[in-house]
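2 protein chains.
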Amino acid sequence: MKKIIIIGYGPAGVSAALYLKRAGLNPLVIGKDLGALDGYSDLVENYYGFSEPIEGRKLIQSGVVQAKNLGVEIITDSVISLKQGEKGFIVTTTTNQYASEAVLLATGKTRQTLNIPGFKKFRGKGISLCATCDGYFYRRKKLAIVGCGAYMQHELEYLNRVSKDVTVFTHGHELTCTVENDVNTAKIIRFIGDEKISHIVTDQGEVPVDGVFIALGVPSSIDFASQLGVIVEKNNISVDENYQTNIEGLFAAGDIIGGKLQIAKAVYDGMQAADSIYSYLNK
Amino acid sequence: MKKIIIIGYGPAGVSAALYLKRAGLNPLVIGKDLGALDGYSDLVENYYGFSEPIEGRKLIQSGVVQAKNLGVEIITDSVISLKQGEKGFIVTTTTNQYASEAVLLATGKTRQTLNIPGFKKFRGKGISLCATCDGYFYRRKKLAIVGCGAYMQHELEYLNRVSKDVTVFTHGHELTCTVENDVNTAKIIRFIGDEKISHIVTDQGEVPVDGVFIALGVPSSIDFASQLGVIVEKNNISVDENYQTNIEGLFAAGDIIGGKLQIAKAVYDGMQAADSIYSYLNK
Numbered sequence: 002m003k004k005i006i007i008i009g010y011g012p013a014g015v016s017a018a019l020y021l022k023r024a025g026l027n028p029l030v031i032g033k034d035l036g037a038l039d040g041y042s043d044l045v046e047n048y049y050g051f052s053e054p055i056e057g058r059k060l061i062q063s064g065v066v067q068a069k070n071l072g073v074e075i076i077t078d079s080v081i082s083l084k085q086g087e088k089g090f091i092v093t094t095t096t097n098q099y100a101s102e103a104v105l106l107a108t109g110k111t112r113q114t115l116n117i118p119g120f121k122k123f124r125g126k127g128i129s130l131c132a133t134c135d136g137y138f139y140r141r142k143k144l145a146i147v148g149c150g151a152y153m154q155h156e157l158e159y160l161n162r163v164s165k166d167v168t169v170f171t172h173g174h175e176l177t178c179t180v181e182n183d184v185n186t187a188k189i190i191r192f193i194g195d196e197k198i199s200h201i202v203t204d205q206g207e208v209p210v211d212g213v214f215i216a217l218g219v220p221s222s223i224d225f226a227s228q229l230g231v232i233v234e235k236n237n238i239s240v241d242e243n244y245q246t247n248i249e250g251l252f253a254a255g256d257i258i259g260g261k262l263q264i265a266k267a268v269y270d271g272m273q274a275a276d277s278i279y280s281y282l283n284k
Numbered sequence: 002m003k004k005i006i007i008i009g010y011g012p013a014g015v016s017a018a019l020y021l022k023r024a025g026l027n028p029l030v031i032g033k034d035l036g037a038l039d040g041y042s043d044l045v046e047n048y049y050g051f052s053e054p055i056e057g058r059k060l061i062q063s064g065v066v067q068a069k070n071l072g073v074e075i076i077t078d079s080v081i082s083l084k085q086g087e088k089g090f091i092v093t094t095t096t097n098q099y100a101s102e103a104v105l106l107a108t109g110k111t112r113q114t115l116n117i118p119g120f121k122k123f124r125g126k127g128i129s130l131c132a133t134c135d136g137y138f139y140r141r142k143k144l145a146i147v148g149c150g151a152y153m154q155h156e157l158e159y160l161n162r163v164s165k166d167v168t169v170f171t172h173g174h175e176l177t178c179t180v181e182n183d184v185n186t187a188k189i190i191r192f193i194g195d196e197k198i199s200h201i202v203t204d205q206g207e208v209p210v211d212g213v214f215i216a217l218g219v220p221s222s223i224d225f226a227s228q229l230g231v232i233v234e235k236n237n238i239s240v241d242e243n244y245q246t247n248i249e250g251l252f253a254a255g256d257i258i259g260g261k262l263q264i265a266k267a268v269y270d271g272m273q274a275a276d277s278i279y280s281y282l283n284k
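If you read the sequences in order, they're chains A and B. As numbered in the numbering used here, residues 2 to 284 make up the first sequence, in order. As numbered in the numbering used here, residues 2 to 284 make up the second sequence, in order.
The following block holds chain A by itself, in its conformation from the complex (with noise of 0.2 Å):
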């Protein structure tokens, strides 16, 4: 078991790994592919100590080599779930699983959506981003569940549960993962429907829904975090001044917990959490 494991290799995510490192601790740093971070080309000119504008996604590389250096443990992979364990958390990726005794949650606040006509409309109408929160209201009824993934066949087994009428749609990407459900490759053109989403219209035709779940990509730390129950306002996990969120040992920092979305705010709350993490796992 882990010590800690950190989820996000960003500014927050390193900076902490690195006061940990320092401290003795030997935290575990999952972050995603860098292929993957799509909004992170713009050139940084306001982060103190760098003569000449860098790209984010440089910093971001930069950041993961200091951390190796160091003699970080960082692994690129793709974090699906999290839960508790009997002691601690369980950390879930697409191909791997890993136990903890404390998280810090710093993936940054980049979230799948879809940018499809109605997607906005129908949001908390019949469209969800969270099957472990939402599920259980879709109880027997005719669902979807938008993904091709890893992410989406973990979503997708919670939502077998519930109902027997789940069918998955690729929205046009190949599927990669294996599934029992009807899957449906064809393209999304939009969701319609009056108060809720009654219908998915596709390039092949229209089908109807009482819910749809999305689950593109990788799920953010919002997801995750809604999945353990930890209280979230405005699109922010609520933290203390420990950077503590309301489940004991599970911290978080960064742009995800609100306040300035600046790097200089995101490698201070990392450096805090380290301090907070490190006395609560010598407490």
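Certain hints may be false.
Identical chains share a label here; the pair holds if one copy fits it or two copies do between them.
Below, in silico cross-link-like pairs of lysine to aspartate or glutamate (DMTMM-like), each with a Cα-Cα straight-line distance of 25 Å or less [to be verified]:
1) K84 <-> E249
2) K197 <-> D211
3) K261 <-> D276
4) K261 <-> D241
5) K4 <-> E46
6) K22 <-> D43
7) K3 <-> E46
8) K69 <-> E53
9) K110 <-> D276
10) K33 <-> E46
11) K261 <-> E242
12) K165 <-> E46
13) K165 <-> D43
14) K33 <-> E242
15) K143 <-> D241
16) K69 <-> E56
17) K59 <-> E46
18) K4 <-> E87
19) K59 <-> E207
20) K4 <-> E249
21) K22 <-> E53
22) K33 <-> E56
23) K22 <-> E46
Since the hints were made in silico from the structure, they are not lab data.
Chain A is already provided as a structure; the job is to place chain B on it using the hints.
Chain B alone, transformed into the frame defined by chain A:
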């Protein structure tokens, strides 16, 4: 008149400058000659973003270049006095004087002290680091001021008002300014006395004194702050949640306000202070 002068071009000062410049203000940053920076040759390993350890001095240089590249006005000079003007503040350096509506103190905590036997013992018992703060208690006494440059000259002006018997001790250094007082160029060996200091022992003999004021090198932020009546607690400048001291328009950030003496914290401070200064100047 400038809107904002930042004293110090380390992480806190430059971070604040970057944010203020990008917010449309034109901060003037005044920092000490890097050659004078001792104790900055350590390698920095725990500040996020640098794949290889970077020497403290190089990081500071890199930050200065970063700010200059963004168009920030940076002057290398030693601030020797900070006073309140009719509106705002008057910042005096060894070569010039500047007025500004607000000031950010971000000089870090390095300060000149004397590694001479008796210095620690008699500090507060006849040895003072601030003529403006303590000079009044030595009216008409036999005083010594230790120093050789512009800062000493500035402090001496004040002492000459409280006593007609002030001798300048250059401690073996060459006098780099003009004074009308007696000058003793002998090297100081130790300070002696009973409950309070009574004599300066030099390599050329003993000199009786009632009070000794140290004004070697350049003053620290704590010295400036003390001159202005800023609340200082446990050698930290006290600031509110907006990084403002008890004097309106005077802000402080970085090591001098206490907390973790870490670059990540200083950079964060600078960013946050910039925000408060911006609000203050636009209120």
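For each hint, the structure was consulted:
{"no.": "1", "hint": "K84 <-> E249", "result": "within (13 Å within a copy, 50 Å between copies)"}
{"no.": "2", "hint": "K197 <-> D211", "result": "within (8 Å within a copy, 87 Å between copies)"}
{"no.": "3", "hint": "K261 <-> D276", "result": "both (21 Å within a copy, 11 Å between copies)"}
{"no.": "4", "hint": "K261 <-> D241", "result": "both (17 Å within a copy, 19 Å between copies)"}
{"no.": "5", "hint": "K4 <-> E46", "result": "between (35 Å within a copy, 22 Å between copies)"}
{"no.": "6", "hint": "K22 <-> D43", "result": "between (29 Å within a copy, 19 Å between copies)"}
{"no.": "7", "hint": "K3 <-> E46", "result": "between (36 Å within a copy, 24 Å between copies)"}
{"no.": "8", "hint": "K69 <-> E53", "result": "both (24 Å within a copy, 10 Å between copies)"}
{"no.": "9", "hint": "K110 <-> D276", "result": "both (23 Å within a copy, 23 Å between copies)"}
{"no.": "10", "hint": "K33 <-> E46", "result": "both (24 Å within a copy, 24 Å between copies)"}
{"no.": "11", "hint": "K261 <-> E242", "result": "both (16 Å within a copy, 15 Å between copies)"}
{"no.": "12", "hint": "K165 <-> E46", "result": "neither (52 Å within a copy, 55 Å between copies)"}
{"no.": "13", "hint": "K165 <-> D43", "result": "neither (45 Å within a copy, 64 Å between copies)"}
{"no.": "14", "hint": "K33 <-> E242", "result": "neither (28 Å within a copy, 36 Å between copies)"}
{"no.": "15", "hint": "K143 <-> D241", "result": "neither (40 Å within a copy, 56 Å between copies)"}
{"no.": "16", "hint": "K69 <-> E56", "result": "both (20 Å within a copy, 19 Å between copies)"}
{"no.": "17", "hint": "K59 <-> E46", "result": "both (13 Å within a copy, 18 Å between copies)"}
{"no.": "18", "hint": "K4 <-> E87", "result": "within (14 Å within a copy, 58 Å between copies)"}
{"no.": "19", "hint": "K59 <-> E207", "result": "neither (44 Å within a copy, 63 Å between copies)"}
{"no.": "20", "hint": "K4 <-> E249", "result": "within (14 Å within a copy, 47 Å between copies)"}
{"no.": "21", "hint": "K22 <-> E53", "result": "between (29 Å within a copy, 16 Å between copies)"}
{"no.": "22", "hint": "K33 <-> E56", "result": "within (18 Å within a copy, 31 Å between copies)"}
{"no.": "23", "hint": "K22 <-> E46", "result": "between (28 Å within a copy, 11 Å between copies)"}
Hints 12, 13, 14, 15, 19 from the earlier list are contradicted by this structure; the remaining hints agree with it.
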